[in-house]
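A.B. asks: In order, the protein sequence lines correspond to chains B and D.
Note that the numbering used here gives residue 185 to position 164 of the first sequence, counting from 1, and the numbers run on in steps of one.
Note that the numbering used here gives residue 150 to position 156 of the second sequence, counting from 1, and the numbers run on in steps of one.
Please keep in mind that the hints were generated in silico from the structure rather than gathered at the bench.
The reader is advised that the hints may include incorrect statements.
Simulated restraints, written as ranges between beta carbons of each label pair [to be verified]:
(1) B:D280 - D:E8: 33 to 39 Å
(2) B:D280 - D:R58: 29 to 35 Å
(3) B:R38 - D:E180: 21 to 27 Å
(4) B:R43 - D:S167: 35 to 41 Å
(5) D:R14 - B:E108: 29 to 35 Å
(6) B:P247 - D:S158: 46 to 52 Å
(7) B:Q29 - D:R7: 32 to 38 Å
(8) D:A163 - B:A248: 28 to 34 Å
(9) B:P246 - D:S167: 42 to 48 Å
(10) B:H25 - D:E160: 19 to 25 Å
Not close to chain B: a few residues of chain D, all C-beta gaps over 12 Å, as computed [said to hold, decoys possible]:
(11) E6
(12) E11
(13) W36
(14) R38
(15) H86
(16) K159
(17) E160
(18) T161
Cβ coordinates follow ideal geometry from the N, Cα and C atoms, glycine included.
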Amino acid sequence: MLDHDVEQRLAALGGRRPPAPRGRFVDELGERLVSGSPVPSRRRRVSRLLSPVLSAAAAVLITVLVMSGHDDGAQTVQMFQTAGSVEVVLPDGSVVPGVAGMTVPDGSLIRVRGAGHAVVDGVIVGPGEEAEVVGGDVQPTGVPEPTTTVAPPTTAAAPPTTAAPVSTPPSAAARPTTTAAPTTTTTTAPSTTTTPPREVQPMRLQARYNDRGQVVLRWSGYTGPPAEFGSYVVLRAPAPNRPDRPGENGTRIVGRATDQQRLFGVDSPPPDMRPVYRVVALDPSNRRVIASTFAVQPDGAQTSTQSGPTESQPATTSARTQTFSSPAPSGYSQPPTPTAPRSPSAVR
Amino acid sequence: MDRLTDPVPFDERELVERARTDPRAFEPLYREYVARIHAFAWRRTGSRQAAEDVTSATFERALRGLPGFTWQGGGFGPWLYRIATNVLNDHHRAEAKRQSRRGQLALVVSAPADLPGPESTFEGDDPVLRRALGRLNSRYQQALSLRFLAGLELSEAAAAMGCSKETMAVVVSRAVQALRRELEKEAVNA
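Model the full assembly from the supplied sequences, consistent with the hints where possible.
C.D. replies: Here is the structure:
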């Protein structure tokens, strides 16, 4: 082998053009750079959240399951990690077990049973949650409502006088919530059972069209303790409805972010929709902690907002009315007439 | 091949100056170079995911370092590629460390996220060459990457590495020899 041969091989490799970067990646990184809010990359995010033990367990599951029959050129996402019971409802209605390494086609529904989880295209689908694959994006659809995830009455909802059964081991389904912890310390002082006040600031939300016809959302963030933060969920409803609970009044989840410092997102609403947005912060058990103001995005006009307090903790987490005035806040250009978005892009 | 000498449809110098204080001015620069940096990183890592990580880190570092950027040494493009090669070196070091730890544990667990997917290869990819390149010292890797995989002219690559053209030519020549030896070693072991 001659040096010249090596140079030729290097030149040949340099002359090859790998596929262009994904549009979603380029857009998200661009938004991130301009907004000045760095977000861990997918790999770092995943590795931080998953222990090596889970990685080992997931790697064992890689072995097989070829789903080439479902990959007909449509957009797909990659399932990176799974643990526990994960199943995938394919577009044709068939149900297959979700395993790491599989390719999940567009239109599939990912279900996580029990205490398992799945990491799909960088999005974590937690215990009991569901997510659907839409346009190459993973969109969580199942956020357990607070009333359905609380512990049985004998544990979390027990009055102070019932604090005696402190030795009862908590079950997986009755994970202790952050508001119930003080009940285990005493049986005499009823005041100890009250929820400690949170130092949580109201969340504010801005929504504005960018020059690609997408809606750029920015919110002020959850200011409570990181341990009590689970994720941000971005809700969207068609005006005049107000987004509140997914599935009601046309409300749907259009994005989710598990990084507390992630304070922006991009959504591509249908061109004929006048969307109304709201961001909800959930705790690790998917209980609603605080909700942002509503951000109404009229047809190409300035953003206006209305207040929208959370129902669960009105005393400390009520939202505050915010009105954006002209000129636009820094970082935003004047919104042009919305055009058809290039591709659906959910908040990630 | 990506060229830095193509005529640019915008005033790069003006944008760079504005971007020093206004991140919004960075976006056109980012849009101009993101595909090139991404392709460069993909050729070097052989993985779409790693290429995205490297691309992200490169532009984040560039934005952070922009206030200290000077127009000496080739301009914005070579400076960006220099950052990318540094990020790639970090990436390969971390990768080597990870592989080594796995070997010691004799528990070869490859995280699924790291497995090359169907989009992680491209026509004309040369993983053997890439692996051999990854075993060279970081200076040689940097020289060959800038010269051949990024397609920079000798003067641009020299500017990116902060040395003269003559020195760069010597480094490239020695790096090619070192790479040839690595390839021959690999062929023998195979």
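A.B. asks: Just double-check T161 of chain D for me: nearest Cβ-Cβ distance to chain B has to come out over 12 Å.
C.D. replies: Non-interface label on T161 of chain D holds, nearest chain B Cβ at 18 Å vs cutoff 12 Å.
A.B. asks: If we take the beta carbon of K159 of chain D, is the closest beta carbon in chain B still more than 12 Å away?
C.D. replies: The claim stands: K159 of chain D keeps its Cβ more than 12 Å from every Cβ of chain B (closest is about 17 Å).
A.B. asks: The hint says 29 to 35 Å between D280 of chain B and R58 of chain D; measuring C-beta to C-beta, is that right?
C.D. replies: violated (19 Å)
A.B. asks: Is the Cβ of W36 of chain D farther than 12 Å from every Cβ of chain B?
C.D. replies: violated (4 Å)
A.B. asks: At the C-beta level, are Q29 of chain B and R7 of chain D separated by a distance inside 32 to 38 Å?
C.D. replies: holds (36 Å)
A.B. asks: Confirm or reject the statement that E160 of chain D sits farther than 12 Å, beta carbon to beta carbon, from all of chain B.
C.D. replies: For E160 of chain D, whose nearest Cβ neighbour in chain B is about 18 Å away, the distance exceeds 12 Å, so it holds.
A.B. asks: When you take the CB atoms of A163 of chain D and A248 of chain B, is the distance between them in 28 to 34 Å?
C.D. replies: Cβ of A163 of chain D to Cβ of A248 of chain B: about 57 Å, so the range 28 to 34 Å is violated.
A.B. asks: A cut-off of 12 Å on Cβ-Cβ distance, and E11 of chain D was said to be off the interface with chain B. Does that hold?
C.D. replies: holds (17 Å)
A.B. asks: Cβ-Cβ distance between H25 of chain B and E160 of chain D: within 19 to 25 Å?
C.D. replies: For E160 of chain D against H25 of chain B, whose Cβ atoms are near 21 Å apart, the range 19 to 25 Å holds.
A.B. asks: Taking 46 to 52 Å as the stated bounds, is the beta-carbon spacing between P247 of chain B and S158 of chain D within them?
C.D. replies: holds (50 Å)
A.B. asks: At the C-beta level, are R38 of chain B and E180 of chain D separated by a distance inside 21 to 27 Å?
C.D. replies: 26 Å Cβ-Cβ, so the 21 to 27 Å window holds.
A.B. asks: If you check the beta carbons of D280 of chain B and E8 of chain D, does the distance land in 33 to 39 Å?
C.D. replies: For E8 of chain D against D280 of chain B, whose Cβ atoms are near 34 Å apart, the range 33 to 39 Å holds.
Against the hints set out earlier in the document, violations occur for numbers 2, 5, 8, 9, 13, 14.
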